[in-house]
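So in our numbering, spot 88 of the sequence shown is number 88, and the numbers just go up one at a time.
The hints are simulated quantities; they were obtained by calculation from the structure and are not laboratory data.
In silico lysine-lysine, DSSO-like type, Cα no more than 30 Å apart, as pairs: (1) Lys21 <-> Lys70; (2) Lys81 <-> Lys92; (3) Lys144 <-> Lys93; (4) Lys111 <-> Lys59; (5) Lys111 <-> Lys34; (6) Lys21 <-> Lys144; (7) Lys34 <-> Lys76; (8) Lys70 <-> Lys119; (9) Lys76 <-> Lys111; (10) Lys92 <-> Lys70; (11) Lys38 <-> Lys148; (12) Lys76 <-> Lys154; (13) Lys119 <-> Lys51; (14) Lys130 <-> Lys76; (15) Lys93 <-> Lys38.
Each pair of labels, with its calculated beta carbon distance range: (16) Asn24 <-> Glu133: 33 to 39 Å; (17) Lys93 <-> Asn49: 32 to 38 Å; (18) Asp147 <-> Asn19: 20 to 26 Å.
Here the structure is a predicted model, which means the values were calculated and not measured. Don't be surprised by glycine CBs; every beta carbon is placed ideally from N, CA and C.
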Amino acid sequence: MKYTLLLILTLLLISCSKNEKAENIRHTVELAIKNDAKMMNEIIREFNNNKVNGIDNSKKLLKMYHEATKTHLVCKDLIIKLDDIDSCINLKKEALDYFNFTEFFLIDFIKPMATLSFKELQGNEELQKKMTERLAESIEVSKKMSDKILEFCKEHNLEMEISVYEGEKFSKQVEELKNNL
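Starting from the given sequences, assemble the full structure and let the hints guide the process.
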(Lines of atoms letter the chains of each structure in order from A and count residues from 1; the text may use other names and numbers.)
(Lines give C-alpha, C1' and ligand atoms only; values in the text may rest on other atoms or scores of the structure.)
Protein backbone atom coordinates (compact mmCIF):
# COMPACT_ATOMS: atom_id res chain seq x y z
CA MET A 1 0.00 0.00 0.00
CA LYS A 2 2.84 2.41 0.91
CA TYR A 3 4.57 1.74 -2.39
CA THR A 4 1.38 2.29 -4.37
CA LEU A 5 0.81 5.62 -2.66
CA LEU A 6 4.45 6.59 -3.19
CA LEU A 7 4.20 5.62 -6.86
CA ILE A 8 1.00 7.65 -7.30
CA LEU A 9 2.58 10.71 -5.63
CA THR A 10 5.71 10.36 -7.79
CA LEU A 11 3.64 10.11 -10.97
CA LEU A 12 1.57 13.10 -9.89
CA LEU A 13 4.74 15.13 -9.27
CA ILE A 14 6.11 14.20 -12.70
CA SER A 15 2.78 15.06 -14.30
CA CYS A 16 2.67 18.46 -12.57
CA SER A 17 6.25 19.18 -13.61
CA LYS A 18 5.47 18.27 -17.23
CA ASN A 19 2.34 20.43 -17.18
CA GLU A 20 4.34 23.35 -15.74
CA LYS A 21 6.84 23.03 -18.58
CA ALA A 22 4.03 22.84 -21.13
CA GLU A 23 2.43 25.95 -19.63
CA ASN A 24 5.77 27.76 -19.72
CA ILE A 25 6.25 26.83 -23.38
CA ARG A 26 2.72 27.91 -24.30
CA HIS A 27 2.99 31.17 -22.39
CA THR A 28 6.42 32.04 -23.82
CA VAL A 29 5.41 31.22 -27.40
CA GLU A 30 2.22 33.27 -27.18
CA LEU A 31 4.00 36.18 -25.49
CA ALA A 32 6.74 36.18 -28.13
CA ILE A 33 4.22 36.06 -30.99
CA LYS A 34 2.12 38.86 -29.45
CA ASN A 35 5.11 41.16 -28.99
CA ASP A 36 6.55 40.43 -32.42
CA ALA A 37 3.20 41.00 -34.14
CA LYS A 38 2.53 44.15 -32.08
CA MET A 39 5.71 45.80 -33.35
CA MET A 40 4.95 44.95 -36.98
CA ASN A 41 1.33 46.06 -36.66
CA GLU A 42 2.40 49.40 -35.21
CA ILE A 43 4.53 50.02 -38.31
CA ILE A 44 1.65 49.07 -40.61
CA ARG A 45 -0.75 51.36 -38.71
CA GLU A 46 1.73 54.24 -38.76
CA PHE A 47 2.35 53.71 -42.47
CA ASN A 48 -1.39 53.71 -43.21
CA ASN A 49 -2.01 56.80 -41.05
CA ASN A 50 0.84 58.63 -42.75
CA LYS A 51 -0.45 57.68 -46.19
CA VAL A 52 -4.00 58.80 -45.40
CA ASN A 53 -2.72 62.10 -44.02
CA GLY A 54 -0.21 62.62 -46.84
CA ILE A 55 2.78 62.51 -44.48
CA ASP A 56 6.00 60.78 -45.50
CA ASN A 57 7.66 60.23 -42.12
CA SER A 58 10.36 57.74 -43.07
CA LYS A 59 12.63 58.59 -40.10
CA LYS A 60 9.99 57.53 -37.57
CA LEU A 61 9.10 54.41 -39.57
CA LEU A 62 12.77 53.46 -39.93
CA LYS A 63 13.26 53.81 -36.16
CA MET A 64 10.17 51.65 -35.61
CA TYR A 65 11.51 49.07 -38.07
CA HIS A 66 14.81 48.82 -36.16
CA GLU A 67 12.89 48.39 -32.90
CA ALA A 68 10.74 45.68 -34.50
CA THR A 69 13.88 43.89 -35.68
CA LYS A 70 15.37 43.98 -32.17
CA THR A 71 12.10 42.76 -30.66
CA HIS A 72 11.95 39.95 -33.21
CA LEU A 73 15.45 38.76 -32.26
CA VAL A 74 14.66 38.88 -28.52
CA CYS A 75 11.41 36.95 -29.06
CA LYS A 76 13.14 34.32 -31.18
CA ASP A 77 15.87 33.97 -28.54
CA LEU A 78 13.19 33.34 -25.89
CA ILE A 79 11.86 30.47 -27.99
CA ILE A 80 15.33 29.01 -28.56
CA LYS A 81 15.97 28.92 -24.79
CA LEU A 82 12.78 26.96 -24.01
CA ASP A 83 13.04 23.43 -22.64
CA ASP A 84 11.90 20.55 -24.80
CA ILE A 85 9.10 18.31 -23.54
CA ASP A 86 7.60 15.05 -24.69
CA SER A 87 4.61 16.12 -26.75
CA CYS A 88 2.80 15.26 -29.98
CA ILE A 89 3.12 18.92 -30.99
CA ASN A 90 6.66 20.31 -30.82
CA LEU A 91 5.53 23.86 -30.16
CA LYS A 92 9.10 25.09 -29.78
CA LYS A 93 9.98 23.88 -33.29
CA GLU A 94 6.72 25.25 -34.72
CA ALA A 95 7.41 28.63 -33.10
CA LEU A 96 10.96 28.70 -34.48
CA ASP A 97 9.59 27.97 -37.96
CA TYR A 98 7.08 30.79 -37.45
CA PHE A 99 9.80 33.22 -36.39
CA ASN A 100 11.98 32.23 -39.33
CA PHE A 101 9.07 33.12 -41.60
CA THR A 102 8.32 36.40 -39.82
CA GLU A 103 11.97 37.37 -40.21
CA PHE A 104 11.45 37.31 -43.98
CA PHE A 105 8.11 39.06 -43.55
CA LEU A 106 9.93 41.86 -41.74
CA ILE A 107 12.43 42.15 -44.58
CA ASP A 108 10.07 41.73 -47.54
CA PHE A 109 6.94 43.48 -46.27
CA ILE A 110 7.67 45.74 -43.31
CA LYS A 111 11.08 47.07 -44.34
CA PRO A 112 9.88 48.58 -47.66
CA MET A 113 7.13 50.42 -45.76
CA ALA A 114 9.72 51.80 -43.36
CA THR A 115 12.45 52.69 -45.84
CA LEU A 116 10.76 53.77 -49.05
CA SER A 117 8.62 56.77 -49.83
CA PHE A 118 5.02 56.35 -50.96
CA LYS A 119 6.01 57.24 -54.51
CA GLU A 120 8.83 54.68 -54.52
CA LEU A 121 6.44 52.00 -53.30
CA GLN A 122 3.70 52.88 -55.76
CA GLY A 123 6.14 53.03 -58.65
CA ASN A 124 7.62 49.58 -58.00
CA GLU A 125 5.14 46.96 -59.22
CA GLU A 126 7.58 44.09 -58.68
CA LEU A 127 8.04 45.06 -55.04
CA GLN A 128 4.27 45.45 -54.57
CA LYS A 129 3.78 41.95 -55.99
CA LYS A 130 6.42 40.52 -53.64
CA MET A 131 4.84 42.31 -50.67
CA THR A 132 1.38 41.00 -51.60
CA GLU A 133 2.72 37.44 -51.91
CA ARG A 134 4.47 37.70 -48.55
CA LEU A 135 1.26 39.00 -47.00
CA ALA A 136 -0.72 36.06 -48.41
CA GLU A 137 1.88 33.63 -47.03
CA SER A 138 1.66 35.40 -43.69
CA ILE A 139 -2.04 34.59 -43.46
CA GLU A 140 -1.37 30.89 -43.93
CA VAL A 141 1.58 30.82 -41.52
CA SER A 142 -0.38 32.69 -38.83
CA LYS A 143 -3.32 30.32 -39.17
CA LYS A 144 -1.05 27.28 -38.98
CA MET A 145 0.69 28.64 -35.87
CA SER A 146 -2.63 29.41 -34.19
CA ASP A 147 -3.81 25.86 -34.94
CA LYS A 148 -0.58 24.36 -33.51
CA ILE A 149 -0.90 26.38 -30.29
CA LEU A 150 -4.51 25.26 -29.95
CA GLU A 151 -3.55 21.58 -30.50
CA PHE A 152 -0.74 21.90 -27.95
CA CYS A 153 -3.15 23.45 -25.44
CA LYS A 154 -5.68 20.67 -25.95
CA GLU A 155 -2.99 18.00 -25.56
CA HIS A 156 -1.76 19.48 -22.28
CA ASN A 157 -5.14 20.73 -21.04
CA LEU A 158 -4.09 24.39 -21.17
CA GLU A 159 -5.91 27.62 -22.00
CA MET A 160 -4.88 29.48 -25.12
CA GLU A 161 -4.40 33.19 -24.40
CA ILE A 162 -4.17 34.61 -27.89
CA SER A 163 -7.37 34.48 -29.84
CA VAL A 164 -7.97 31.67 -32.26
CA TYR A 165 -7.25 32.72 -35.83
CA GLU A 166 -10.30 34.46 -37.29
CA GLY A 167 -9.86 34.02 -41.02
CA GLU A 168 -12.71 36.20 -42.24
CA LYS A 169 -11.85 39.15 -39.99
CA PHE A 170 -8.17 38.90 -40.90
CA SER A 171 -8.96 38.64 -44.62
CA LYS A 172 -10.87 41.94 -44.44
CA GLN A 173 -7.89 43.60 -42.75
CA VAL A 174 -5.57 42.20 -45.42
CA GLU A 175 -7.77 43.55 -48.22
CA GLU A 176 -7.77 46.96 -46.55
CA LEU A 177 -3.99 46.85 -46.30
CA LYS A 178 -3.62 45.82 -49.97
CA ASN A 179 -5.84 48.73 -50.99
CA ASN A 180 -3.65 51.12 -49.02
CA LEU A 181 -0.56 49.92 -50.85
